[in-house]
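Heads up: the sequence lines are chains A and B, in that order. One point on numbering: in my numbering, the residue at position 270 of the first sequence is 312, and numbering is uninterrupted. One point on numbering: in my numbering, the residue at position 195 of the second sequence is 366, and numbering is uninterrupted.
All clues stand as given, with none of them false.
Calculated pairs, DSS-like style, for lysine-lysine (alpha carbon to alpha carbon, straight line, at most 30 Å):
1. 252/B <-> 210/B
2. 185/B <-> 317/B
3. 210/B <-> 285/B
4. 245/B <-> 285/B
5. 419/B <-> 203/B
6. 291/B <-> 317/B
7. 333/B <-> 88/A
8. 333/B <-> 157/A
9. 333/B <-> 82/A
Across the chosen pairs, the derived CB separations fall in these ranges:
10. 340/B <-> 375/A: 38 to 46 Å
11. 341/A <-> 234/B: 19 to 27 Å
12. 265/B <-> 341/A: 31 to 39 Å
13. 206/A <-> 207/B: 46 to 54 Å
14. 377/B <-> 342/A: 37 to 45 Å
FYI, nobody ran anything at the bench for these hints, they're computed from the structure. Note that this is a predicted model, so its numbers are computed, not measured. Every residue gets a Cβ at the ideal spot worked out from N, C-alpha and C, and that includes glycine.
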Amino acid sequence: MNPNLPNSFRTGPDERGHFGNFGGRFVAETLMPLILDLEKAYAAAKADPSFQTEMNGYLKDYVGRPSPLYFAERLTEHLGGAKIYLKREELNHTGSHKVNNVLGQIMVARRMGKKRIIAETGAGQHGVATATLCARFGLECVVYMGAVDVARQAPNVFRMEMLGAKVVPVQSGTRTLKDAMNEALRDWVTNVHNTFYCIGTVAGPHPYPMMVRDFQSVIGEETRKQMQEAEGRLPDSLVACIGGGSNAMGLFHPFLDDPSVEIFGVEAAGHGLTQLHAASIAGGRAGVLHGNRTYLLMDDDGQIQDAHSISAGLDYPGIGPEHSWLHETGRVTYLSATDDEALAAFMLLSRLEGIPPALESAHAIAKVTELAPKRPKDHLMVVNLSGRGDKDIPQITEILKGKKQ
Amino acid sequence: MTTRIDARFAELAKQGRSAFVTFLMAGDPDPKTSLDIIKALPKAGADIIEIGMPFTDPMADGPSIQAAGLRALKGGMTLRKTLEMVRGFRKEDDTTPLVLMGYYNPIYIYGVDKFLADAKVAGVDGLIIVDLPPEEDDELCIPALKAGLNFIRLATPTTDDKRLPAVLANTSGFVYYVSITGITGAAAADSKAVGDAVARIKRHTKLPVCVGFGIRTPQAARAIAEKANGAVVGTALVDALRDSLDTKGQATTKTVAAVADLVASLAQGVRGAKQAAE
Chain A
43 MNPNLPNSFR TGPDERGHFG NFGGRFVAET LMPLILDLEK AYAAAKADPS
93 FQTEMNGYLK DYVGRPSPLY FAERLTEHLG GAKIYLKREE LNHTGSHKVN
143 NVLGQIMVAR RMGKKRIIAE TGAGQHGVAT ATLCARFGLE CVVYMGAVDV
193 ARQAPNVFRM EMLGAKVVPV QSGTRTLKDA MNEALRDWVT NVHNTFYCIG
243 TVAGPHPYPM MVRDFQSVIG EETRKQMQEA EGRLPDSLVA CIGGGSNAMG
293 LFHPFLDDPS VEIFGVEAAG HGLTQLHAAS IAGGRAGVLH GNRTYLLMDD
343 DGQIQDAHSI SAGLDYPGIG PEHSWLHETG RVTYLSATDD EALAAFMLLS
393 RLEGIPPALE SAHAIAKVTE LAPKRPKDHL MVVNLSGRGD KDIPQITEIL
443 KGKKQ
Chain B
172 MTTRIDARFA ELAKQGRSAF VTFLMAGDPD PKTSLDIIKA LPKAGADIIE
222 IGMPFTDPMA DGPSIQAAGL RALKGGMTLR KTLEMVRGFR KEDDTTPLVL
272 MGYYNPIYIY GVDKFLADAK VAGVDGLIIV DLPPEEDDEL CIPALKAGLN
322 FIRLATPTTD DKRLPAVLAN TSGFVYYVSI TGITGAAAAD SKAVGDAVAR
372 IKRHTKLPVC VGFGIRTPQA ARAIAEKANG AVVGTALVDA LRDSLDTKGQ
422 ATTKTVAAVA DLVASLAQGV RGAKQAAE
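Bound conformation, chain A alone (with noise of 0.2 Å):
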């Protein structure tokens, strides 16, 4: 670990948005009056109680919060070692944790009275969020989507657009994620005057990656308070799937500041490391994209790479940028699962569990299954379900079909 450690890891960013060297705002003069009124208008309302009990009880009756913390007996048996617990972020309404962040964006939004919101997707999830509660404030609603996205995820395009939302397919660039977000962007730029852009990960010019942060710390916070319940003490560890990594933000951040608490993201590894891969923290180095400085997938003239993963939503060549400061200060330890891991956790919890892991969460169950076994049996381990596989099952099955002959 590094030698000189702050204080406390949950103080960042600082006043100009900066997390040690990552974070930051770099994006054009256009975005920059109105980011310093995003700025703004999200301290102010975290200033004022009323948005907090306004949020909390849209997050109990129409999100379904909190989400359970589930003890898995048959994955613990079968591994035989850490007492595995799954945090049920897949059981919140729209199927993964995206919701919580959107909620709380779309609410800042209301008080910038914006009336039309933009969003980007990889997998399809953000997008659904988004769609959903732009839906139930009657507000406008754009979706990015990369074209190859949009063809590997169609019952969520699908649902958006069932949701009065815009599915705009990308075609530019490697058309995934990241092109998606370049769109976003542009859209951004042109329709300052009247339009939020609702971004999807904890990543982007400041203060977004600390708002997302933010909205999905509700994960960590009944976490603690879950596991107290259950077991009288915190856990030993905490292990989710990192594309952005706001789901894995949302645990993380509130156990920073416990020692005893070991961290663990995992990143996608794709077909492996020396391959195509989406690891942006294994495979890259810092730079600059999309507003912040933070891990990025480049070559040597500092080109963005492809980012490859089997999950859509992990498929981004970039990780917040608070990620990359907790990476270098060793608090948080990155690993990396590859697509076939992946399926096969899918397969495995799907089975012992009957809960069938979005392709983005049996990244973080993959590692599970090489950490746990190495733990005493008194280790409390929690994962993060970020979402529910129901999406993944057709491009799955297709999968299996292609194994098969």
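Mind docking chain B on chain A? Use the hints.
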């Protein structure tokens, strides 16, 4: 310190006319053709040359300029080769100001200090880095000013009077006013709105104000040049270049002339305008 940019605006003021600023992507469609094109620009009537540094994810640019960047990258263009191209240009022309325009990541990866030193030696005069607002001035803007390069900032319709001083604080060379909220290649703003905006900026600075985004014809260039100290044209030139390529995207014998001819006609438009009111 007088830079090539300052000298050029002083000279244009004497002639009583506005500047014609051209933008093309370095290495589009290949390094050799691209150098031939920029060499042809001053003769065709370009007063200041902006050269794009290709980047995979140009989030403030439209499809034409993004495609130009991807063509250049496919043709093997890098930041190092972009600087080589500037050196090649400087062998024959030591007076036309050259401004590099692009995104921060390739520079950050090249190394800021090394980049500034190499750019200065190569003959670069100024930088426009789209994703570095004044809030991130410590990254590149201040080191660039120390290295003797102009740092040209974009001002936009969303940059209000309260924010303008922050935007102008470390700006030098000229101010680039983006006439619309939008990406490159989008529709143009009307010339009255541009005139009002230029007048507003001039209340805050003595620097020349050039206006870009959405100018495609000699008439439009002329209308802008009447209101501002310069008109910037990019997408229209990039489109003319693209239209001259063969079906495989390779340069043809028409490529250099296609760009130079359009530059000549746009330059006529600019030269027909009266000098902007100071």
